[in-house]
Amino acid sequence: MATLPPLPPLPDSRTEPDGSAVIRVLSYNIRSMRDDRAALARVITACAPDLLLVQEAPRFFRWRKRAAWLAAHTGLVVLGGGAPATGPLLLCSLRVAVEHTEDVLLPHTPGLHRRGFATAVVRVGRARLAVLSCHLSLQAAERYAQAGMVLDRVAAMDAPHTVVAGDLNDRPDGRGFRLLAGKLQDCRAVRPWGDEYTSTPERPHQRIDAVFATGGVEVLGCGVPRGLPGVTETDLRAATDHLPVLAALRVPAG
125 MATLPPLPPL
135 PDSRTEPDGS
145 AVIRVLSYNI
155 RSMRDDRAAL
165 ARVITACAPD
175 LLLVQEAPRF
185 FRWRKRAAWL
195 AAHTGLVVLG
205 GGAPATGPLL
215 LCSLRVAVEH
225 TEDVLLPHTP
235 GLHRRGFATA
245 VVRVGRARLA
255 VLSCHLSLQA
265 AERYAQAGMV
275 LDRVAAMDAP
285 HTVVAGDLND
295 RPDGRGFRLL
305 AGKLQDCRAV
315 RPWGDEYTST
325 PERPHQRIDA
335 VFATGGVEVL
345 GCGVPRGLPG
355 VTETDLRAAT
365 DHLPVLAALR
375 VPAG
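Residue numbers (the numbering used here): 125 to 378.
Heads up, a few of these hints could be off.
Claimed, not checked - Cβ-Cβ distance ranges computed for the label pairs, FRET-style:
1) Glu326 to Leu229: 30 to 38 angstroms
2) Leu218 to Val314: 27 to 35 angstroms
3) Arg238 to Leu275: 15 to 23 angstroms
Honestly, the hints are just simulated from the structure, not real lab data.
Everything numeric in this text was worked out from a predicted model, so none of it was measured.
Cβ coordinates follow ideal geometry from the N, Cα and C atoms, glycine included.
Sequences and hints are given; from them, build the entire structure.
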């Protein structure tokens, strides 16, 4: 299989002496698992996420079975989302304790795909945070409105810190992306690590997938994990039509 130049180390998951938690967050559009599932599982496993925020999870026939397959083959457990959130899905490692989850349906524009958020409030040691996976609209006006709904949801979630990740269908100079980056930390911009562009695996030329965090979270690195040990070019191209975004974050104790 093809290999890539090695990346500088990204911090591993750990609990600090002050009770803060270093966590790995992976955002990944998996195209309903229509591609090479084994390659997808290998990429996710090599990234060793504490939290996996998925977009385009299976949401039709036997979608729960497919989500369970993904969890079983990556050493994770399903938190919530999937069909009830119209595609966004949350998975986590056994290090994460779950307080509650909620799937949120967004207003439907006739003729367009209905969108939703998969959300949860979790604890990692003494750190408490909310997480939100989203997949924003292809239509510019609706996408901008949905970016505002992301911020409204962040403000409403009962947690001291929040991580948002997803397929924005927007570049950093787009209105929706800029709206989110104006209120949240764009983790890639704060501490670049790995590669930048997420679409497409065969010819990466644009960054339309991102991880964001509220201000109290320290960004230790964020980017596309091309060259991470265990992640091959062959698997990245075979797994799905997006590249994943991996972030290492330090979340203060609450």
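Hints versus structure:
no. : hint                                 : result
1   : Glu326 to Leu229: 30 to 38 angstroms : holds, 33 angstroms
2   : Leu218 to Val314: 27 to 35 angstroms : holds, 28 angstroms
3   : Arg238 to Leu275: 15 to 23 angstroms : holds, 20 angstroms
In summary, the structure agrees with every hint in the numbered list given earlier.
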